[in-house]
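Chemist: Here are the chains, one letter per residue:
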Amino acid sequence: MAAIDPVERPDAAEPASRAPDAGGVNAAVVIGGFLAFGSILLAVFGPLIAPYPPMDANPGQQLLAPSGTHWFGTDDVGMDVFSRVIAAPRIDLGIALSATVLALVIGTAIGGIAGYFRTWWSEAIMRISDLIQSFPVFILAMVLVTITGQEIWIVVVVIAFVNVPLYVRLIRAELLSLRERTFVEAAIVLGVPPLRIIRRHLIPNVLGIIINQASITMGVAMLLTAGLSFVGAGVRVPTPEWGLMIATGASSIVTGQWWPSVFPGIALSLSVFGFALFGDGVARMLGSRERGA
Amino acid sequence: MKTRKQAHEALVRNFVQGRIDRRTFLGRLSALGVAVPMAGLLENVAHAQTPSDTLVIGAPATPTTLDPEYSSSPQDREVDCSTYDRFTQFKIVTDDNGNRVADLSSPPEPLLAESWEISDGGRKYTIKLREGVKSYFGNELTAEDIVWSWDRVFGLDSQGLFPLGVASIRSKEAYRAVSRYVVEITLDVPNPLLMTVQATPVPGAVFLDSTEVKRHVSEGDPWARKWLATNTASFGPYHAMSFTPGQQVEYVANPNYFRGKQGMARVLYREIPSSATRLTLLKAGAIDIAEDLVTRERRSLAGTEGVSITSVKGNLGVIYGVNNSVEPFTDKRVRQAVAYGLPIDDIINTVYFGDPSVRLFQGPVPDQYPGYPASWPYQPRNAEKAMELLSDAGQSSISFDLSYSTIYPEHEQIAQLIRTSLGEIGAEVRLQKLTPAKYQEQYYSHKAQSVIVQDAPFVVDGAYAEFLFFGPGKGAVGNWIDYVNPEAQDTIMQALGTADLDERNDLATAAARHIVEDVPWPMYLGIGFHMAMRTNVTGLAWRPHNLVHLVDLQKG
Amino acid sequence: MTPADPGGSGVAGREGEPLLRVERLVKHYALRRGKKVLTAVNDVSFALWPGETLALVGESGSGKTTIGRCVLRTIPITAGDIWFDGRNLTRLSARELRPLRVGIQAVFQDPLDSLNPRMRVGAIVEEPLLEHFRLTSNERSEQVAQALERVGMAPDLLHAFPARLTPSQQQRVAIARSIVCRPKLMVLDEPTSSLDPLTRSEILELLTDVQRETGISYLLISHDLVSVRHIAHRIAVMYLGEIVEQGAIDTVYETPSFPYTRALLELAPSIERRMAGQEPEVQLTGEIPSPIDLPPGCYLASRCPFVLDECNDRHPDLEPLDPSHHSRCLRETGWLPPIAPGT
Amino acid sequence: MNRSGFTRFVFFLWRLYVIRRLVLFVPLLVGVSFAVFVLIRMAPGNPAYLFAGPTASEETIKAIERDLGLDQAIWVQYARYMQNLAGGDLGVSLVTSQPVLQDLVVRFPATLELITFAMLLIVVILIPLGVLAAIGGNLAGRLSSGYGFLAGSLPDFWWGLMLIFLFYTWLGWAPVPLGRIDFGLEPAYRTGFLTIDALLANDLTAFRSAFSRLLLPGFTLAFIFGAPVLKHLRATMSDGLHAPYIQYAHLCGLPRSLIFRYAFRNAIIPPMTMAGMTYVYLVGAAALVESVFAWGGFGQYAVQAAISSDYMAVSGTVLAAMLFALCVYLILDLVYTVIDPRVRY
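Chains as they are written, first to last, in my numbering: chain A, 12 to 304; chain B, 3 to 558; chain C, 326 to 668; chain D, -2 to 342.
In isolation and in its complexed conformation, chain A is listed as follows:
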């Protein structure tokens, strides 16, 4: 086993079949789905329904405590924290979702090919993902973002890039075992060409795993985005972004104004939590359907 990020694959070792809370699957999916789709809805409508403009300073209104007018209070330039918290998913989820999709598509394609063909270059692909994975992910992402310039699309590409090896490794490992299944041999005998075998017969069978991993990647990507912003290597001020809000709000905690950093942190945690729970539940449901339950 190589340097698989322990944090990024909390569930890798736990086959869904052993779920102690098989009865809890539905509850988890409901809660997770509620949080995850809530975040997605906010990503779409958040900036539209925000009661105040989320990026405009509001002189004289700085650091007001939470109240009926400003539910989550205001930050140090008078921006409404609530408006920013609900506008942020567009950035955070946007980055995370794009990065996840990008990593998933590229990683699955590469992993699929490396898992089906056992040649020297599929070995080479694995060595390269080893190489990327042996990097400390956060430091790698930070270095890449800062040297390429702090544009949002670069954050997306970098987060995708550091996650691709996970998919390559995961998909390849799954495919190596799937490839031994008779239905793959049957497909070869039917005369199905390799790429179509990968696409039609192999990839659909790792869908559950991909979805589960994608939900984890979503969370990781959101945390990574926020972490990058927190150290100043992510999106720019005054973009409404949870990590950035935590970073700017952090300084006012000691003078007693806790709200600018507490609320975005809660929002970020809930959103990540939702995706993790939802992805896990969905993967379990897919798994049980395959077993004919």
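In short, the hints are calculated from the structure, not lab data.
Some hints here could point you the wrong way.
Below are the BS3-like pairs computed for lysine-lysine, each with C-alpha atoms no more than 27 Å apart in a straight line [to be verified]:
| id | chain 1 | residue 1 | chain 2 | residue 2 |
| --- | --- | --- | --- | --- |
| 1 | B | 263 | B | 136 |
| 2 | D | 59 | B | 216 |
| 3 | D | 59 | B | 476 |
All values derive from a computational prediction rather than experimental measurement.
The hints should help you fit chains B, C and D onto chain A, whose structure is shown.
Modeler: Quick look at chains B, C and D alone, frame taken from chain A:
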């Protein structure tokens, strides 16, 4: 024999029943070897006092270098003024508020220079050094040290060129050692400021212990750049004992210091990047001085026991400058529009909470300086006027970058207020938050499109300040916005070469009016000098460079 | 009979070209450590004519499944030739082979595992049509429906996932998938061994029906001698990668001439014999030699109760006993008594 | 040693994953350092300006560029870097003006001390909890799985801030959340681990100070990064306890404690791997928590280096992190051979 467990239970029982106090309890627990985790948890922060012989300063950053010739950040300069002594010093007086401040009207007082003579109509300075001045390494100060220090400036083509230039010392031929203790300086033009410039801890005014430094030169490094980057070799009161960049500088008193015993035996200059943390530590007594607190934090300290704040109106300013030689700011109307669009009052009220020391400088020099024009037609904010000017210039929708440093949290707030406010006049401002190193690089290479800078002209002289920020040529170190206006700049140079003070100041005022018309800086805000300290720290004095001199301080 | 067919094609009187001709097929597996090889298939030749069923029988590890895979070309072969329908499959690249695959299909041992769990029955059966024919979707549906009807599947299972079917239904889907594009040859790799006895006979009956209707040839790979007798025309017995005896099914079953065949037949479950309390007459003892270190003589020598000195030295060839019966034993023809009744 | 013995020894080495790693490491190192080198040099900004200061003329800047080798082709610069690297010279940091190696030597132990402490917390608190969760019923399972999801969802830097707010600002229990020890208490440098150095110096005050500083950041890390380990352990442990051979052992009437030990022995290996990987991972992942607690360790250094484009420092930190990962994997590999009876070479 009692088992360990029984002993422990008995101890806890005693403690719970109040038979022993906490300290005893912890002491005995640790004797039992079980206290360690608990002791840590129960340790009370309020008791974390600094040792009485050590002064701990919390600063936003450690210096980037200890080499005075390459100092750029305020932290770098703070090293210079605490370790290196100069020819002269400011006279310190007590002002109306009871603060110790530099007397800007008095002539400089002797420090390393015992006396000096000016002859040849102000062209020739003969400086007699104080005898018996010894460095930390025990070497005596001689004229050779002065010559070598200046040679180094010319040899490295480094920052000292600017102050020496202001003092009209333009080549190595201008100075020589006449004897062991006498230096002679010959100028092309008369210069009234030489000894005043030499009161300020700027590059070119600080003197190295050349005997020691020469031990650390090498073939590729004849000026010991490498060694001086992390070491000091001074005749001043303190010596940098160790330097851990990103963490701290440890100073010890120079035992050979000619003025006798310093107030503190040891000073720790700690990097504490977050101002909030500095505030916390100061409140807890874990540091003695917290530099660069934001206004909100200073306000929160009001009434806190054991903490006091020194505030002086001073000359420190926050500048919003635009690069005059980069689109769209090459057009004067665009710069004027930006000046009309800035929310100065909002900045003062929102960022500085209406602090009485914060005010708009109505001109390109601080309000106490000779040459201050006291006229600024661009405020109060006038959005219509701004948009009108922009459309006149054919630039009704512009976009540009605004760079600021991570060091000052308040600059980010200012940047955001500027962004929102200029957005309303049709200008899209992209904020660029830069680390000190990147910020400096932009600043040095004149690359920033527009930038927020916190600075003060060290020499209280209008002509000097104008030359520093708006002068022609590379001698004008502070002209990072590439201001060009031959008429104004000629006036500045004329003022700089004028020895008669009234005439000099009139010329400076004239130049200032030119500059106001051109608006190279749409905003120049005086923000005052503020220092939060434990009440037992005394002696702090304000000087025009707004830096802490360790030699002033003692702990009661 | 071609000169390159030293093993004999098996049945006398066969007319015309065989559909499948395997010549001197060798399959080695290189072992990771050292330079040794595992010999899975050792110089095997046989032929199969249209409409005929040839059974390959033997214990697991005898190489019969490997031969099936070689014929299906899902694994690379080490040496030898496989002629199918007049073309040498061994000379073709994977890409060139693909269109020919329409003629050779397969049914595998584990019906569930051989169906993609993520595809519905209809899609599974439709897939070969998609690969090999340009048909409209209506035509495809019709063909799929026909094939499913042929294998006796209710049309309402068209949209079911394999996991929801019974093993019998699963295997029927697999057969439907194989026959939908009307192949000439089908490799049946233990098609019934994972099924219960009742289902087993249903499936065998289905296969026989299909053969009768379409004239398809079967290469049946099995260790189940009872099933084999019902469906196969000829049989080839394999031991350690070699064919040790080959002939018409009744001939071999009634007068096995190789001791291993005899032992195998006697071990086959037979109710009558059990009830009669008969002990097997020929019992093999000892260990099977390792396929990595094959002995120089007869591979059975170490286990054979009738071993001769010569057996340890000389590796016997597959000799014809009569035109329809070949054996690899050094002893005289007909030395073993006929097998006891009841088999 | 005879020939076959030698061959077997070579095979033994080869089968140790770490040796294969080592063999791969050199090209890996070259590849990574080159990638980092090129990427950073491609970044905008000219370090020569920083060295030269604002008054420098074009010639001075050119001279400094020459001095730093910045005027040469990138591969020449890289060759020079590798040459220096071979001699243990990682270059000089632009930001700290110190040799990068020296910076790392100061900062690495700080991070190691922190993450080692966090790992200790994981082992001492979370592993027993994982075992309990495995033995316990459904509720324990749900609790631990809920904790896993929660911990995986919290941004570590925010969690650290919240702990500071709670335990320092609000309750006043925790020591000042800054740095590793109270000012002026630093013990003499021996191991770089302040707690150990303080004990070696027999300075209990310093030890208490250093130890108390470890608590909040250590707990932050353990809480967040220990969750996967706990989850993993619970899974393998409950697997182990329900494994057929354990049931068999029950039937045979073996004492419960012995059975438990069997199960534990087998269940502990995967989480051990996980813990090892977490340990390696934390070297980089602790960066944010280090920044929050101003720890002055490796991670914070990396953050600083990265955001200031301090290319020598960035290359150095990346190489150091990789080297460290390699060492931990080596140790893990060796530990397996001891713990896992199935691993035989």
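Chemist: Each hint: holds or not?
Modeler: Cross-check of the supplied hints:
For the hint linking residue 263 of chain B to residue 136 of chain B, the alpha-carbon distance of about 13 Å falls within 27 Å, and the restraint holds. This hinted pair checks out: residue 59 of chain D and residue 216 of chain B have alpha carbons roughly 26 Å apart, not beyond 27 Å. Restraint check for residue 59 of chain D and residue 476 of chain B: satisfied, since their Cα atoms lie roughly 16 Å apart, inside the 27 Å limit.
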